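Top line first, the protein sequences correspond to chains A and B.
Numbering-wise (the numbering used here), the first sequence opens with residue 1 and increments by one.
Numbering-wise (the numbering used here), the second sequence opens with residue 1 and increments by one.
Hints were generated in silico from the structure; no laboratory data involved.
Take the hints with a grain of salt, since some may be wrong.
As the list claims (entries may be wrong) - Within a straight-line C-alpha distance of at most 20 Å, the following computed EDC-like cross-link-like pairs (lysine to aspartate or glutamate) qualify:
no., chain 1, residue 1, chain 2, residue 2
1, A, K71, A, D38
2, B, K78, B, E17
3, A, K96, A, E52
4, A, K96, A, E79
5, A, K96, B, E52
6, A, K96, B, E17
7, B, K73, B, E17
8, A, K96, B, E15
9, B, K78, B, E29
Since the model is a prediction, treat every value here as computed from it, not as a measurement.
Spelled out, the chains give:
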Amino acid sequence: NAGVTQTPKFQVLKTGQSMTLQCAQDMNHNSMYWYRQDPGMGLRLIYYSASEGTTDKGEVPNGYNVSRLNKREFSLRLESAAPSQTSVYFCASNRKGTAGNTIYFGEGSWLTVV
Amino acid sequence: AQTVTQSQPEMSVQEAETVTLSCTYDTSESDYYLFWYKQPPSRQMILVIRQEAYKQQNATENRFSVNFQKAAKSFSLKISDSQLGDAAMYFCAYWSAGGTSYGKLTFGQGTILTVHP
C-alpha cells in the first residue's frame, strides 16, 4: 500500500532476542497504529499514537514498547521475544480531513519467534 | 472502551447472489467512523466502505452498501451480485473521533466469506 512502509517484511528471532519493527508514512498523517494478526483472527491493537508526542496502549501491549520518533515514524520494539509473539504485524496511519477519514495500512511484517 | 463484534465467523454465498455481513459495536461516543475492510489471502487491507456516524444516509460503493442503525449500534455490509473475487476475510472497524479514546481504531474478529461458483 502506497504511503506506509514497514520494515522488515520477514524476520525470524530466537526466544529472548530483541528487535524493532519500523514504520514510516510520508502522508503527513497525525495518527499511527501497530496491530498484530494471528492466524485466522482479527487485528488486535498493540499501541497507537493519536498525534506526534503521544502514545497509548491498545488491547495487547504487554511485551511491546513503541516510540513515535517524529510525525513520520512509529516503531515497535520487542525487548525479549517470546514464541507467543509470532504473528503478522501491521502498521497503519490515519488522516481525518475534509475528504473523510482515510486509513492506510502497510503490507505487514511476518515475525516468527523460535 | 469501544468493542466491535462480528458474530458470523464464516459466511457463504452463491455467485451473483446477495449476502449480508453483520457487525455490532458498543460505544458511549457520538462522533465516530465505521469501516468495512476486505483482506484477501495476501493479507493486504483493502477499504471497502466507510460511514460517518453523524450522517444518516447509508454509504454505498458500487455493489457494496451498508445498513447503519446508530441507535441499535449496528453496521452491516451488503454485497450484491457477489463475485468470486469477493471471497476474503471481512473486518468491521470503529474509529473514535472524540473523547479520551480519540484516534483509536478497533477491529472486529472478522468474517470469512466464501463465494461458490
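Right, here's what the structure says about each hint:
1. Of the supplied pair hints, the one linking K71 of chain A and D38 of chain A is violated, its CA atoms being roughly 28 Å apart against a limit of 20 Å.
2. Note on K78 of chain B and E17 of chain B: the hinted pairing holds, with a Cα-Cα distance of about 11 Å set against a maximum of 20 Å.
3. In summary, the hint linking K96 of chain A to E52 of chain A is supported, as the alpha carbons are separated by about 15 Å, within the 20 Å threshold.
4. As the CA atoms of K96 of chain A and E79 of chain A are separated by approximately 33 Å, the hinted pair breaks the 20 Å bound.
5. Proximity of K96 of chain A to E52 of chain B is assessed by CA-CA distance (about 11 Å); at most 20 Å being required, the pair is judged to hold.
6. About 35 Å separates the Cα atoms of K96 of chain A and E17 of chain B, which puts this hinted pair outside 20 Å; it is violated.
7. Distance check on the hinted pair: K73 of chain B and E17 of chain B sit about 26 Å apart at the alpha-carbon level, beyond 20 Å; violated.
8. For the suggested pair K96 of chain A and E15 of chain B, the alpha carbons sit about 36 Å apart, so the restraint of at most 20 Å is broken.
9. Proposed proximity of K78 of chain B and E29 of chain B is contradicted: the alpha carbons are some 25 Å apart, above 20 Å.
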